[in-house]
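Residue numbers (my numbering), protein chains in the order written: chain D, 214 to 341; chain F, 71 to 570.
For the record, the hints were derived by calculation from the structure and aren't laboratory data.
As the structure is a prediction and not an experimental result, all values here were calculated from the model.
Some hints here could point you the wrong way.
Distance condition first, Cα-Cα at most 25 angstroms in a straight line; then the derived SDA-like pairs of lysine to any residue [to be verified]: (1) LYS488(F) / LEU256(D); (2) LYS270(F) / GLY392(F); (3) LYS139(F) / SER265(D); (4) LYS139(F) / ARG330(D); (5) LYS488(F) / GLU429(F).
Here are a few chain F residues that sit away from chain D, every Cβ distance over 12 angstroms (derived from the structure) [said to hold, decoys possible]: (6) ARG74; (7) CYS286; (8) GLU446; (9) ARG449.
Every residue gets a Cβ at the ideal spot worked out from N, C-alpha and C, and that includes glycine.
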Amino acid sequence: MNERLFLAVAGRIVPGVGSLDAAGRQAFLALVREFMESKPPALRRQIDLFLSLIRWLPLARHLRPFEALSPERQDAVLLGFQESRLLLLRRGFWGLKALAFMGYYGRPVAAAAVGWRPEREGNRRLHP
Amino acid sequence: MTEREYDVVIIGSGAGGGTVAKELAPLAKSGARIAVLEWGPRFREEEFTGREIEMAARLYHEGGGVLTKDGAMTLAFGKAYGGSTVVYTGTSLVVRPDTVARWGVKGLDHADLARRSAKYMAENNVHLIPEEDQNENNRLFRDACRRLSWRVEQFPVNVKGCRGSGLCNLGCPNAAKQGTHRVQLPQAESAGVEVITNCKVERIEDRAVLARVAPCRFGFPSAWEPGEHRVKARFVVVCGGAVNTCALLLRSNLPARLPVLGKWLTTHPALILVAEHPRPITNFHGHPKSYYCDHFTESRRFLLETCMYFPFMTAKSMCGFGAPHEAMMRRFDRLQMILSLAIDPAREHNAVGINAAGEPVVDYTLADDVLNSLLESMRAAARIFFEAGAVRVHAPATERFAIERADRERIDDLVVRKWLRPGRVSISAAHLMGGARMGAGPDDSVTNEWGEVHGLPWLFVGDSALFPRCAEINPYLTIMALADRVAERVTRRLSAPGGR
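Chain D on its own, in the form it takes in the complex (with noise of 0.2 angstroms):
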């Protein structure tokens, strides 16, 4: 997988990818390393099919691949795949923006931060 440009598409589907720090960026793309490497070579190829796919599309029209377009602009290419009338396109767009949510969400410190601190005694939550 081409991380630099994963990445580059992760952050805007996940803003928050594009502030993380070096740990975190790293932990990020552990989960990912992690989910790619349990799936079968076909289904990495269509993965990276798809972000080849992301990244040169929008060189037709505005002559720049995705990573060189504003964010504008590679905001409208992304939603351009999630409407798109074709399922190919659509469900696409749906697995990677799977895997970047994985990425961020999946770390803990990101579940915690965003507020879902779970605990083995939450029902003392319930009646303080």
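For chain D, the structure is supplied; the task is to place chain F on it using the hints.
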């Protein structure tokens, strides 16, 4: 390859397999050799960490994200000692009489299933969670439904000493949920039934199964050494869950005419819907699922249930991306969640098949009537959220990310079919039913009303694959009731002269 011999081999240890194992336990006590072969591991108590990604990867097939053939829906089913009963919320409802009537299986009546369900309700400590242990996520739903004059009921759940970790779907860290891993399997083992974990059954042959034990990085080691095992059995009961049961039967090339094997699959396609309140509410503390609204079961064919999921699951369930998505996620302690489930009709073309490697491929088309049910469910859920006081509602079938409170009178205009496109909206399913349906003969079913595979008197199915149509409610107790019937028939066969 190791050769082994048993009287009964049960494949799978969830609601179906665990129940069959426990019901056959008296036979084990009197000398019958019975083995349960479970694909997943038996977890140590300290391994239920509550960490979302880690537990999902360990407890579910493909982390709970098995894709359908067209990639439009994800399927979640468990893989552990106890099967999916390790990861459900413990909801235990008795199937309704009209549902059983719709199934139309001769020799299967509601009274029989209700009687058997009652047995497991008692055995698994099914009861209602008291008001003081219900969180706001649940109570807001209940109160809003009541104000809207929509029928709302409390879920009976099978917990004992629930401390409200809210982590049911990641495996209870307090050992409170009374799935088959806590009740039926330990009872069966104490009577002499052997449970072999980390053991995947590759194929069924004539009165035998071929299985492979593989080491696992977590859980207790398997009772059998890693490698291939050929296990002879007088009776084989397949309880691997609708998907894996069908795939196993399909790749076994059984010597019987079974033209509908794998077909007529139903799934209760579901949406996780999210709304934001103006203040923090208690949502992830406490049991996550206390109420359901079945007001629209007959008229619009959907169910609404309370639910509370974890950050990644929540994030991927919402449509859209970027700043609005992230902003809603940041207010996690203000989120209310509703699970909507379509009551999908059984259709022959919705089916479990297998690929060249013999692995399952689920071909399920989200038909217009099912999508319309989901659309209506979204509108109903949005009304509940606003009635409960939410300031904005994320309804995936809208152009914008969220409906603001000021627009709450325009729900029907904003939540429209145009935006409910598979692949755009995250649709998932955890109630997988059918594929080896019960019925009168092989032209329209795979087993008879006792789970016996047509033409193969030594082979039974004992899980949700038996459902002729969907359960129209959370199915676990009904799976146990059906498995109880299967066990009764196997017991009778084994106890007959020459049975052993």
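Hints violated by the structure (numbers, ascending): 1, 2, 4 and 5
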